[in-house]
Amino acid sequence: MLKVSMARAREQLSEIAQKVQHRGERCMFTHYNKPVVALISAEELELFEMLLEKYEDDLSAQAYENRKAEESVSAEDAWKELGL
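In the numbering used here, the protein residues as written are 1 to 84.
Among the hints, erroneous ones may be present.
List time: in silico DSS-like cross-link candidates among lysine-lysine, alpha-carbon distance up to 30 Å [as the list claims (entries may be wrong)]:
no. : residue 1 : residue 2
1   : K54       : K19
2   : K3        : K34
3   : K80       : K54
4   : K19       : K34
It is worth saying that the hints were derived from the structure and are not from the lab.
Based on the sequences and whatever the hints tell you, model everything.
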């Protein structure tokens, strides 16, 4: 992975973007040697978003199953608990 300072990135963004796009490299931009932003190809971004969506769907399904497995509470008990 390329590590590039923000100052250098301003000067060489086009060159860096070509390395990312055509060579499949990834780039981490730094500010005072601390990572601040990353640059990846559009293809990798699409893959990342698909994986993230699947992960979020799996979490939602798991949360739904957990709620379903919990004991149900009567409306009267819920109102009492809420002070209504």
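> Do the alpha carbons of K3 and K34 lie within 30 Å of each other, as the hint requires?
Replying inline: holds (10 Å)
> CA of K80 to CA of K54, is that 30 Å or under?
Replying inline: violated (39 Å)
> Within 30 Å, alpha carbon to alpha carbon, are K54 and K19?
Replying inline: holds (29 Å)
> Would the pair K19 and K34 pass a check requiring their Cα atoms to be no farther apart than 30 Å?
Replying inline: With Cα atoms ~22 Å apart, K19 and K34 stay inside 30 Å; holds.
Comparing the model with each earlier hint shows a violation of hint 3 alone; every other hint is respected.
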